[in-house]
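Chemist: As a plain string of letters, each chain reads:
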Amino acid sequence: MSTTSRTPSDGDVVDLSRRHALQSGGLAIAFLWLGGTGPVSAMINARRQPGDAAAAMADGNPTFAPNAFIRVDTTGAVRLVMPSVEMGQGIYTGCSMLLAEELGVGLDQITVEHSPPSDELYGIPALGGQITGGSTSTRATWQVLREAGAVARTLLVTAAAAQWKVDPSTCTVDRGEIHHAPSARSVGFGEVATAAAKLPMPDKVQLTDPKDFKLLGKPMRRVDSPDKIKGATQFGIDVRVPGMKVATVVSCPTLGGKVSTVDDKAARAIPGVIDVLRIDDAVAVVGEHFWAAKQGVQALNVTWDYGPNATLDTQQLRDALADSAHNGQSIVASDTGAKPSGTLVQSEYQSPMLAHATMEPMNATVWVTADKCEIWTGTQVPMRAAEEGARITGLPIDKVVVHNQYLGGGFGRRLETDWVQQAVAFAKQVSYPVKVIWTREEDIHRDIVRPMYHDLISAVVDANGQPVWYGYRTSGGSVLARFAPGAMDKNGMDSDAVECVVEIPYDIPHNKVEWIRHNMPQGLVVGWWRGVGSTHNLFVVESFMDELAHRANKDPLEYRRALLGKSPRALAVLNLAAEKIGWGGQPLPARTARGISLGEPFGSHVCAIVEAEVTPQGEVRLRRVVVALDCGIAVNASSIEAQVQGGVLFGLSAALYNGITVKNGGFEQTNFNNYRSLRINEAPIVEVHRVINGEPPGGLGEVGTAIAAPALTNAIFAATGVRLYTLPVDRNRLVQNSDALKSVASASVPEGRDVA
Amino acid sequence: MLSLSINGQSYPVDVPDDMPLLWVLRDVIGLTGTKFGCGIAQCGACTVHLDGQPVRSCVLPVGSLGNRAITTIEAIGNTPAGQKIQQAWLEVDVVQCGYCQSGQIMSATALLQRTPNPTDADIDAAMAGNICRCATYVRIRAAIKQAATGKAEILQTMVSAPAGAAS
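Protein chains in written order, with UniProt numbering: chain A, 1 to 756; chain R, 1 to 167.
Among the hints, a few may not be true.
To be verified - With a straight-line cut-off of 27 Å between C-alpha atoms, the simulated BS3-like cross-links for lysine-lysine are:
id	chain 1	residue 1	chain 2	residue 2
1	A	Lys554	A	Lys339
2	A	Lys663	A	Lys258
3	A	Lys580	R	Lys151
4	R	Lys151	A	Lys554
5	A	Lys204	R	Lys151
6	A	Lys566	A	Lys512
7	A	Lys554	A	Lys566
8	A	Lys218	A	Lys512
9	A	Lys198	A	Lys165
Bear in mind the hints are in silico, worked out from the structure with no lab data behind them. Values in this document were obtained by computation on a predicted structure and should not be read as measured data.
Only chain A is shown next, with the shape it has when bound in the complex (with noise of 0.2 Å):
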């Protein structure tokens, strides 16, 4: 896989009139469809376009507003509306960057806006809409709002030098002063702002070259950063509407069941509760605070219908769907031709259902009138979540207003609506806005969950173990056809099935990669899930690699490096987290070991090296990783450090602790306790390690969850000899014999005690 997203050479001159194609792993490839058709057309431009107006006049009319992203006032004030949503990854301070770098102001200068629902100005091309997503922002507007600026530029020096009547390229742009030297004088931004907002369009703009950038590629503080410290920020559930009230719901134990009958007689007792509302699946208590709802919630007598699910459990779905992998009609990605002879390895690994657990839990505040439907609420698909207002109000879609809000955390759980179409169901029955708010056992148990897989991989491989043909049987379920059904191949194939197969970093000559769909029990809804299909499909191939590595007797590292010939970015990556953790050097203590992962999701390049203690009683202890990446140029170094020390941990979390089971038809894990999430006396030191390239940037937010989970069973594998087939990490395998589990039961409890 290689990223080709294109960027014209350095500092050139940018028609305006070009297209700018995206062409990336991930959520993003399978979108690809859409380039070139109607809807990509529309979408980000740093030009002029249709809707631009009414955008303007909603927001205020400001004095100079070039394009849907740049507004200036008289004042001199800059403000930009951010393209993409703010859940973590950084994206308002890389996107403020990309704007003030060609603008010329500083960071300092500008006040960021979450963008209103609107597709047209605000779809990234390769999701096809207003989507945070798929690890494209940067890759996405890298091009487009660094021409925004310098358009927004342009215009306002071309005012000043018509005011001064010289010519505007001997003027310069600094800290939203335009100043021309030879005849010693100064403008702001403010100033020609008026003039500048009647200025023609500019077919041509000169963009900064990259060795002139004075904010792009350094580390820079977040812009956001200053009012979450104080806790000033306003997340969706901080949102206080007048009149508003808080709610809280429990819907239907079982997956797809509905309600039967409510007995609300004790909940309307309790004081501080309003209302009782019910919908199909779910019932709301309405109070005067969440407390009260949620008190009124548990006086609640609900009975279900338990519907067809009523007796699913966990195991009954991994049957199924190892049989899909074993005997199921698949679609095949790629197959380059017969099986050469030699000796054929074959492995089977599953990978467990997942949750989200953002932070903030799902929530929503909804008001319906008779002729409006306004919604506050954290969304990576702002204007999908209008659309489903329009659609269960009946309003028209220009009577709903979506107020976008920061995002405690998304990993894809905001990708989807379902929380925002309940609120406004259960708004649209009363009078006044009403602030729903799940409560984290409701979250997980309605959690639009990271699909099962069950795979088989193999290969062929020659005399010295080298492999000639690799295989892959994936099987689960698709999140792309009911997420953007249009998106899927013509024959049936979600290409992010096979995200990180079809194509990788190492030279083996042929392959065959199949998928076999397998939907999951109608009501087992299955979402997008930070790494989406590369997080599941590295585990698979990176843990293969290392079976074949030890299987061959060689070092994994040199095994892979071997096969790299042909990919230098991924061997780079490789020889630089080996060099930086100190490969190969000092002997590691008994049961502690390092393993390797490499892989080349969302466009960037990228080499984790984790470092693990298995202690004789199973438990693992991370003690050190390493992470090399080559993502390409940078925007913001900081946001790249932290998001791959986050996303390494974030998956590392997961492959450690997480696996969504179910029993009675519904989801087992409640809550943080019996959904562990990792804690920092768990968190070990992640250092990453960049090479640093001129070339187009890469994905970043999700890539270092990709790569997390096999270099923490290869080390596993490393320490014990025990091969991790499964996830989440079961330490009952881990053990080192039966006498390690006494001796540390001898030492922590006193004898004699109840230990239950």
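The hints should help you fit chain R onto chain A, whose structure is shown.
Modeler: For chain R alone, kept in the frame of chain A given last:
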């Protein structure tokens, strides 16, 4: 009618005694900096100080508080330790989504108040109750040390534009 002492101010509130402090702060008084994450004292997002001690407000009934001093994220910057912690959080650029950070900062401030020079083990013990799903732990650890020592721990090349604008 209860009277709560929050951030040095007295708030009369007409709520049930068993109502957790978290919801009184958020839904009755309107101090939304303190966050709801789990409701069962597992994640630490709701951490506030009660007489200087970090407590999980999601399970703390207001009827039990009397006139003990409650401090929230909105006012922690008025304490010397809180100010140091918030400044270090900015300098190290800890936050990502930011939702858990109110709780992280409250726990870290309490740590610094009782242990001015915390070791890694002290940090583990004091901060293990605060989950960050973005996993900003590497920078949280660095920021606590930086707040304690005044020495830049990592990211010494980090810049603001102009220098110091992040204060």
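Chemist: Under the criterion that the straight-line Cα-Cα distance not exceed 27 Å, is the pair A:Lys554, A:Lys339 satisfied?
Modeler: Given that 27 Å is the threshold and the Cα spacing comes to 24 Å, the pair holds.
Chemist: Given the hinted pair A:Lys580 and R:Lys151, is their alpha-carbon gap at most 27 Å?
Modeler: 25 Å, holds
Chemist: So if I understand the rule, the pair passes when the alpha-carbon distance is 27 Å or less; does A:Lys218 with A:Lys512 pass?
Modeler: 43 Å, violated
Chemist: Are the Cα atoms of A:Lys198 and A:Lys165 separated by 27 Å or less?
Modeler: The hint holds at about 17 Å.
Chemist: Does A:Lys554 sit within 27 Å of R:Lys151, going by the straight-line distance between their CA atoms?
Modeler: 44 Å, violated
Chemist: Below or equal to 27 Å on CA atoms is what counts here, so check A:Lys554 against A:Lys566.
Modeler: 20 Å, holds
Chemist: Within 27 Å, alpha carbon to alpha carbon, are A:Lys204 and R:Lys151?
Modeler: 48 Å, violated
Chemist: A:Lys566 and A:Lys512: Cα distance at most 27 Å?
Modeler: 20 Å, holds
Chemist: CA of A:Lys663 to CA of A:Lys258, is that 27 Å or under?
Modeler: With a Cα-Cα distance of about 17 Å, the restraint between A:Lys663 and A:Lys258 holds, given a limit of 27 Å.
The earlier numbered hints that this structure contradicts are 4, 5, 8.
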